[in-house]
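According to our numbering, the sequence shown holds residues 1279 to 1318 in order.
Careful: at least some of the hints might be erroneous.
To be verified - Computed Cβ-Cβ distance ranges for the label pairs, DEER-style:
(1) L1313 <-> I1291: 17 to 27 Å
(2) K1284 <-> D1308: 15 to 25 Å
(3) L1317 <-> G1293: 34 to 44 Å
Stated by the list, open to error - Only pairs whose alpha carbons sit at most 20 Å apart, straight line, appear in this in silico SDA-like list of lysine to any residue:
(4) K1287 <-> L1298
(5) K1282 <-> G1293
(6) K1284 <-> Y1300
Just so you know, the hints here were simulated from the structure itself, not pulled from any lab data. The beta carbon of each residue, even a glycine, is placed where N, CA and C say it ideally should be.
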Amino acid sequence: MNTKLKDKKAVVIIGISFILFYYLFSNWNDLEQFLKELLK
């Protein structure tokens, strides 16, 4: 039961992180430019 709770917490944290990153990048409209710089 304890491990299930830990797994749930990890999933929530990962989900929040993804949402934050997506929100920031979509706000800046810089995702395409960032990826191009990354793939140079």
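Hints violated by the structure (listed by number, smallest first): The structure conflicts with hints 2, 3, 6, although it agrees with all the remaining ones.
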